Amino acid sequence: MSTKTIVHTTINGDPVEFLCEPRQSLLEVLRETLLLTGTKEGCNNGNCGACNVIMDGVLVNSCLVLGVEAEDATITTIEGLASPDGLHPLQQTFLEHAALQCGICTPGFLLSAKALLDRNPDPTETEVRYWLAGNLCRCTGYDKIVRAVLDAADRRDRVTR
Amino acid sequence: MQAFDYARVSTVDEAVRLLAARNGDARVLSGGTDLLVALREGRDSAGLVVDVKGVPELMEMFFDRGGGLMLGAAVPCQRMYSDEPIAQAFPGLMDAASLIGGVQVQGRASFGGNLCNASPAADSIPALIVHKATAVIAGPGGRREVPVEEVCVAPGRTQLQPGELLVQLRIPAPEPRFGAAYQRFTPRNEMDIAVVGVGAAVRLNADGDHFEWARIALGAVAPTPLLAAEAGDALAGKAVSEAAIEEAARMAQAAASPITDMSGTAEFRRRLVGVLTRRTLVAAIERARRAGTHWNADLR
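In order, the protein sequence lines correspond to chains A and B. Take the first sequence: its position 101, counting from 1, is numbered 100 in numbering that gives the first Met the number 0, and each next residue is one higher. Take the second sequence: its position 162, counting from 1, is numbered 161 in numbering that gives the first Met the number 0, and each next residue is one higher.
Since the hints were derived computationally from the structure, they do not count as laboratory data. These numbers were taken from a predicted model, which means no experiment stands behind them. Among the clues, some could well be false.
Unchecked claim - The calculated lysine to aspartate or glutamate pairs, modelled on DMTMM-like cross-linking and capped at a C-alpha distance of 20 Å, are:
hint, chain 1, residue 1, chain 2, residue 2
1, A, K143, A, E126
2, B, K52, A, E70
3, A, K3, A, E70
4, B, K52, A, E126
5, B, K131, A, E70
6, A, K3, B, D208
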């Protein structure tokens with residue numbers, strides 16, 4: 000077995016150090032070492048998006064990132080989305096639009112949608128659909144998710160105006 | 000996943016030294032979107048994984064209208080199309096960069112990785128070939144530069160030797176009235192692998208009605224991405240016409256040697272080569288004509 004390495008990161012605003020083997024994915028570390036189990040394992044090969052997190056501003060599949068690659072990285076997981084004041088606007092609109100059923104894809108969709116709105120606060124429906132193409136949902140048929148994301152963008156728009 | 004050692008390097012020399020010392024047992028990690036899946040599924044193995052994202056030369060992207068584009072081998076697709084001047088100058092490369100996987104993959108996956116993975120269906124390779132891109136490869140004996148169409152030698156295999164590292168892709172500056180496009184056929188719009196992919200590039204004359212030269216490259220219809228040299232060369236000097244485009248499409252079909260597999264039959268693929276060659280040539284011609292006015296405006 001290869002030597003374990005200490006990795007220094009910032010996760011959801013807090014400094015976090017963890018010990019991992021090179022072969023462990025960031026997803027494994029988040030779930031099994033740090034017990035941040037909100038990030039889900041779906042396909043474990045980069046197709047489904049259930050494990051999405053935002054790493055240094057970039058949306059990634061955490062199953063396709065090694066834990067050791069996260070040295071010095073700033074990571075946002077689903078646990079970092081809500082604030083002490085309440086749900087993130089996307090979480091709120093997902094609830095209101097019933098944009099989830101079983102919920103396993105939901106953390107990935109939320110992080111993916113957050114990354115989109117951070118980059119493009121006023122996306123078209125087409126842009127939302129293409130951006131979310133790397134996230135699979137087997138319950139909702141996607142339409143409710145797309146509506147929820149557009150609604151969150153719309154509300155944010157009204158607040159900032 | 001199987002156990003391996005991990006090294007993060009900060010220079011090309013350090014990477015080459017490590018790769019050479021392991022004699023084929025080391026793998027290069029850039030975006031990891033192919034490598035980590037292959038290691039996890041046991042399709043590949045490694046004693047050492049060398050992370051090259053700390054090497055500035057592999058992460059840099061530099062463009063000027065004289066020297067062209069120097070694209071670090073590990074630059075993620077998303078950084079390419081997010082860079083306005085580069086995206087404007089090379090829409091034919093962005094066609095490929097914006098459809099490899101979803102955004103989660105595009106944030107990590109690189110053209111250099113796509114080339115080294117050497118899939119016959121790789122989206123970036125036909126696009127690079129028609130742009131006359133070259134690959135800068137570093138090894139224990141120094142550096143060499145080879146045309147991209149010569150890099151892949153078999154499915155999943157490149158001409159890189161153990162100890163060699165792809166450092167950079169060099170794409171010549173777009174000539175006046177140059178246009179290029181890449182398109183693929185997939186059953187789904189996104190998140191799919193090309194059944195057939197075709198890249199086309201043209202340079203038109205000053206009036207925009209004759210081809211000065213053209214290049215056509217095909218994906219997923221041969222053991223490696225393929226430059227259909229005769230099909231492109233046949234257009235040189237000809238008037239831009241439906242007949243000329245049709246003739247080039249027929250020659251591209253003749254250059255293809257598709258197989259039947261789960262993605263499609265050989266017959267279907269050969270038909271798609273014709274359709275996509277016509278479409279990408281038309282798209283490249285349109286872009287070349289638009290680039291023409293753009294360049295003239297700049298010169299004034």
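Hints and how they fare:
1. K143/A / E126/A: Answer holds: K143/A to E126/A is near 15 Å, not above 20 Å.
2. K52/B / E70/A: 12 Å, holds
3. K3/A / E70/A: Roughly 13 Å between the alpha carbons, so the hint for K3/A and E70/A holds.
4. K52/B / E126/A: 29 Å, violated
5. K131/B / E70/A: 37 Å, violated
6. K3/A / D208/B: The hint is violated at about 64 Å.
Comparing the model with each earlier hint shows violations of hints 4, 5 and 6; every other hint is respected.
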